[in-house]
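Note that UniProt numbering has the sequence shown beginning at 1, numbered continuously upward.
There could be a bad hint or two in this list.
Okay, derived cross-link-like pairs now, PhoX-like style, lysine-lysine, Cα gap no bigger than 20 Å in a straight line [unchecked claim]:
hint : residue 1 : residue 2
1    : 125       : 109
2    : 75        : 61
3    : 57        : 18
4    : 211       : 182
5    : 171       : 182
6    : 195       : 229
7    : 94        : 108
8    : 23        : 45
9    : 26        : 75
10   : 23        : 171
11   : 63        : 75
12   : 219       : 171
13   : 61        : 45
14   : 229       : 219
15   : 45        : 94
16   : 219       : 195
17   : 182       : 219
18   : 178       : 195
19   : 57        : 211
20   : 57        : 23
21   : 94        : 63
22   : 26        : 219
23   : 125       : 94
24   : 26        : 129
25   : 211       : 45
26   : 26        : 57
27   : 108       : 75
28   : 178       : 219
29   : 45        : 18
30   : 23        : 211
31   : 23        : 61
Worth flagging that the hints you see were computed from the coordinates, not collected in a lab.
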Amino acid sequence: MLEIQGLHAYYGFVHALKGLNIKVGKGQVVTLLGANGAGKTSTLKCISGVLRPSQGKIVYKDKDITHESIENIVKAGIVQSPEGRQVFSTLSVKDNLMAGAFTINDTKKVQENLELAYSYFPRLKEREKQYAGTLSGGEQQMLAIARALMASPELLILDEPSLGLAPLIVKDIFRIVKEINKTGTTILLVEQNAKQALGVSDYAYVLETGKILFEGPAKQMENDENIKKAYLGA
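Between the sequences and the hints, there should be enough to build the whole structure, so can you do that?
What follows is the structure in structure tokens.
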């Protein structure tokens, strides 16, 4: 479904990505692991059109989208739930969700997506008139994911969904990620909580300073001694 070929990207003079090659198959959950500064978020920004690569190619469903606009990328079915949640704090929960459906012109489809989002996150339905800024951190993360679902993604990108959340909430978030994937949505996940991420993933890449250090099936990664020592706290 998605293939990144020889991707290079810079922030000014900083070489953030150094020839990445990544594949995400249809229906998979694929995880990018790595410490801060490894290049995970830079990769996502290139896919979403926020950061333009200096070299390489991003192919989605056999189409080169390397230089497509952000809006066209979303319309094509790639939608991101950003790191840090970034909800509209002065808007209600429902208005945040409706903002996520800006590329959909079918009123019936928007309503279907709203009901689907509430089915995954019933707490948001209970708080639909509440200002997003008054929600807890976990509820805001739920809202950020639900807002992304409003755009009917075929490829859902999740950037650090567990960041700053209590363990019980993290467990709940990853359970819902797996449920979303079971409906056919492909997921690209960036996460520092390696244990939880590998537990829901099919395949994983470990990034370090803009390069891929390891890659392989998630189950294999979980049992790899090098990965355990570096990322799983073993």
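Checked hints:
1. 125 with 109: holds, 18 Å
2. 75 with 61: holds, 13 Å
3. 57 with 18: Given pair residue 57, residue 18 holds - Cα atoms ~13 Å apart, limit 20 Å.
4. 211 with 182: violated, 30 Å
5. 171 with 182: holds, 17 Å
6. 195 with 229: holds, 12 Å
7. 94 with 108: The hint holds at about 16 Å.
8. 23 with 45: holds, 16 Å
9. 26 with 75: With Cα atoms ~17 Å apart, residue 26 and residue 75 stay inside 20 Å; holds.
10. 23 with 171: violated, 26 Å
11. 63 with 75: Holds. Residue 63 to residue 75 sits at ~13 Å (cutoff 20 Å).
12. 219 with 171: Holds: residue 219 and residue 171 sit about 18 Å apart, inside 20 Å.
13. 61 with 45: Distance ~18 Å between residue 61 and residue 45 Cα, so the pair holds.
14. 229 with 219: holds, 16 Å
15. 45 with 94: Distance of about 26 Å is beyond 20 Å: violated.
16. 219 with 195: Holds, at about 10 Å.
17. 182 with 219: Given pair residue 182, residue 219 holds - Cα atoms ~18 Å apart, limit 20 Å.
18. 178 with 195: Distance of about 14 Å is within 20 Å: holds.
19. 57 with 211: Between residue 57 and residue 211 the Cα gap is close to 16 Å, so the pair holds against 20 Å.
20. 57 with 23: holds, 12 Å
21. 94 with 63: Not satisfied, since the Cα-Cα distance of roughly 34 Å exceeds 20 Å.
22. 26 with 219: This hinted pair holds, its Cα atoms lying about 19 Å apart.
23. 125 with 94: holds, 8 Å
24. 26 with 129: violated, 36 Å
25. 211 with 45: holds, 16 Å
26. 26 with 57: With Cα atoms ~19 Å apart, residue 26 and residue 57 stay inside 20 Å; holds.
27. 108 with 75: Judged against 20 Å, a Cα distance of about 17 Å means the pair holds.
28. 178 with 219: holds, 15 Å
29. 45 with 18: holds, 15 Å
30. 23 with 211: holds, 14 Å
31. 23 with 61: holds, 12 Å
The structure is inconsistent with the numbered hints 4, 10, 15, 21 and 24, although it conforms to all the rest.
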